[in-house]
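Line by line, the protein sequences are chains A and B.
When we follow the numbering used here, the leftmost residue of the first sequence carries the number 1, and every step to the right adds one.
When we follow the numbering used here, the leftmost residue of the second sequence carries the number 176, and every step to the right adds one.
Heads up, some of the hints might be wrong.
Partial list, computed: chain B residues near chain A (C-beta under 10 Å) [stated by the list, open to error]:
#, residue
1, Pro270
2, Leu272
3, Tyr292
4, Lys296
What the simulated footprint calls covered on chain B by chain A, stretch by stretch (three residues with Cβ under 8 Å from a Cβ of chain A suffice, anywhere in the stretch; the number is not a length) [to be verified]:
#, segment
5, 274 to 282
6, 285 to 291
Think of the hints as simulated: they come from the structure by calculation, not from any bench.
Heads up, the beta-carbon is just placed ideally off N, CA and C, and yes, glycines get one too.
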Amino acid sequence: MVMLGKKAPGFSLKGVLQGKVSDFSLEWYKGKWLVLFFYPADFTFICPTEVTGFSKFAREFRAEQAEILGVSVDSIDSHRKWAEELGGVQYPLLSDETKTVSRAYGVLDEQEGVCLRATAIINPFGDVTYLVISHANVGRSVEETLRVLKALRTERLCPSDWKPGEPTGDLKLKY
Amino acid sequence: MSLQAIEAKREVIESRARIRELVFGVQDGLISTVGLLAGVQGATENATVVIITGLTAMFSGAISMATGSYLSSNAQKEIFDKELREAEVLAEKEPYLAAEGLLKSLGQEGLPREQSYSIVKLLLRERDVFLRTFQEKVFGLGSADINQPLKAALVMAASFIAGAFIPIVPFFLIDGITALYLSVALSALTLFGVGVFKGYLAAKPLARSGAQFFAIAVAAAGFGYLIGLVVQYFFPEITIPAG
Chain A
1 MVMLGKKAPG FSLKGVLQGK VSDFSLEWYK GKWLVLFFYP ADFTFICPTE
51 VTGFSKFARE FRAEQAEILG VSVDSIDSHR KWAEELGGVQ YPLLSDETKT
101 VSRAYGVLDE QEGVCLRATA IINPFGDVTY LVISHANVGR SVEETLRVLK
151 ALRTERLCPS DWKPGEPTGD LKLKY
Chain B
176 MSLQAIEAKR EVIESRARIR ELVFGVQDGL ISTVGLLAGV QGATENATVV
226 IITGLTAMFS GAISMATGSY LSSNAQKEIF DKELREAEVL AEKEPYLAAE
276 GLLKSLGQEG LPREQSYSIV KLLLRERDVF LRTFQEKVFG LGSADINQPL
326 KAALVMAASF IAGAFIPIVP FFLIDGITAL YLSVALSALT LFGVGVFKGY
376 LAAKPLARSG AQFFAIAVAA AGFGYLIGLV VQYFFPEITI PAG
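The task is simple: from the sequences and hints, build the whole structure.
Here you go:
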């Protein structure tokens, strides 16, 4: 089970990016921010809104020194076809067919055998700095994830609904 | 099989959905009338009285059964129609839920998710087709055409009259207890015949189907007779008024 502020469980999974299959490991993202988002399944109707949503904002995430990884329990072949169906995805889709990574992060729906809608932001030191899980019925807000990433990168105290460019609270200020 | 033959087959299937009313009507008409005729024959031994009683019971029974059939079918249809409307509203208001629901249903029928997704995506382009498929696959609301209250009532009435008239026929021809025996024999034979007909429609062994109908109906009549004996045993002072 992932604990906020603790080291993110390591993983090494096969993934698809631009039709090519490669291995992706948490180790490779040390020194960068990583947005790791889990979703239930390829070829469904809510998930593509999220997958394409992250894809549209991939450039903005990269501008924040962050990479995105999408994870589900579907096969590599399914991911490849799914990415094609969606007209291309700008980040890797990882296959957690054995469900070990989903389970390690505590985001596996054991009954359905699929990932929950969970998003983790891991800092350049490999620590989990943000973790949110929403009901399968509700798709996530990509812009909210980006806003949180930007807030985390300020390393300052950010009030509720803080937006980039707005003043942050003093780091030493106690609320 | 040609496309026309498929369409014709569909109509046959819909018409055969009336087998419920047909069997119910004939069986009930037969059993209730033959029981009544036996009682009246025993009490009066007057063929005219037996015939008039039988015909009265036949028409009143047919009206009662047809009304009951109409009301029950109509109640079922109204609920069915309400469910169809609710499914339509749901699909309109929550298209994602409807799409996911249909996706899951197709998956449960054994279709891989990737193919199910392609089908649902295609169906989503045609609102009405999607809606009908959604109603049928997700909620099992696909047999609306079969539920026709008026037709059900008419079939029930005709079947009851046909069933009830058969045991009356011998009393037009002969008198006394012989007419009753013939009436019972004709009723038994008709029950067997209805079973054979059902076997023909369902493509089951005819003799077995006939015997099954015959055995169940006779067992039901025998059980009723047994209850009468039990009641008579415990209340020997009760007698059935004659005439």
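Hints and how they fare:
A hinted interface residue such as Pro270 of chain B counts as satisfied when its beta carbon comes closer than 10 Å to some beta carbon of chain A; here the least separation is about 8 Å, so the hint holds. With a cut of 10 Å, the hint placing Leu272 of chain B at the interface with chain A holds, because the nearest CB-to-CB distance is about 8 Å. At its closest, the beta carbon of Tyr292 of chain B sits 4 Å from a beta carbon of chain A; the interface hint therefore holds under the 10 Å criterion. For Lys296 of chain B, the interface hint holds, the least distance from its beta-carbon to any beta-carbon of chain A being 9 Å, beneath 10 Å.
Requiring three or more residues with a Cβ within less than 8 Å of a Cβ of chain A, the coverage given for the segment 274 to 282 of chain B holds, as 3 such residues are present. Residue count for the segment 285 to 291 of chain B with a Cβ under 8 Å from a Cβ of chain A: 3. That meets the three needed, and the coverage hint holds.
Going through the hint list in order, the structure satisfies each hint without exception.
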